[in-house]
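Engineer: Sequence:
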Amino acid sequence: MEGKKQAVIQAVQNETALTNVQELMNSSTERCYKACVTNPGASLTGNEQKCLSSCFDKYLEAFTIVSKAYGTRLRSE
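Residues in the sequence shown are numbered consecutively from 3, following the numbering used here.
It cannot be assumed that every hint is accurate.
[Stated by the list, open to error] Mimicking DSSO-like on lysine-lysine, the simulated pairs with C-alpha atoms at most 30 Å apart in a straight line are:
1) Lys6 / Lys52
2) Lys52 / Lys36
3) Lys60 / Lys70
4) Lys7 / Lys70
5) Lys70 / Lys52
6) Lys6 / Lys36
7) Lys36 / Lys60
Bear in mind the hints are in silico, worked out from the structure with no lab data behind them.
Please construct the entire structure, taking both the sequences and the accompanying hints into account.
Structural biologist: Written out as structure tokens, the structure reads:
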């Protein structure tokens, strides 16, 4: 019975992690695009590419920090 409970808990945690990553991608894409692409065209300028890369890096770094802290908290409970 304990094994099934752990399997369910792990499945829920995996689904939650996947949902969080999807939400991060959706929100960061929208926010970074609005911040970096002022005149949409057929292709991105070099500055727009750099801006988008930097913006996504910031979101990913923040997500990683929060995820690690959350994982540590879950393990301690």
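Engineer: Each hint: holds or not?
Structural biologist: Okay, the hints, checked on the actual structure:
no.: 1; hint: Lys6 / Lys52; verdict: violated (47 Å)
no.: 2; hint: Lys52 / Lys36; verdict: holds (14 Å)
no.: 3; hint: Lys60 / Lys70; verdict: holds (16 Å)
no.: 4; hint: Lys7 / Lys70; verdict: holds (23 Å)
no.: 5; hint: Lys70 / Lys52; verdict: holds (27 Å)
no.: 6; hint: Lys6 / Lys36; verdict: violated (45 Å)
no.: 7; hint: Lys36 / Lys60; verdict: holds (15 Å)
In terms of the numbered hints stated before, the structure departs from hints 1, 6, listed from lowest to highest.
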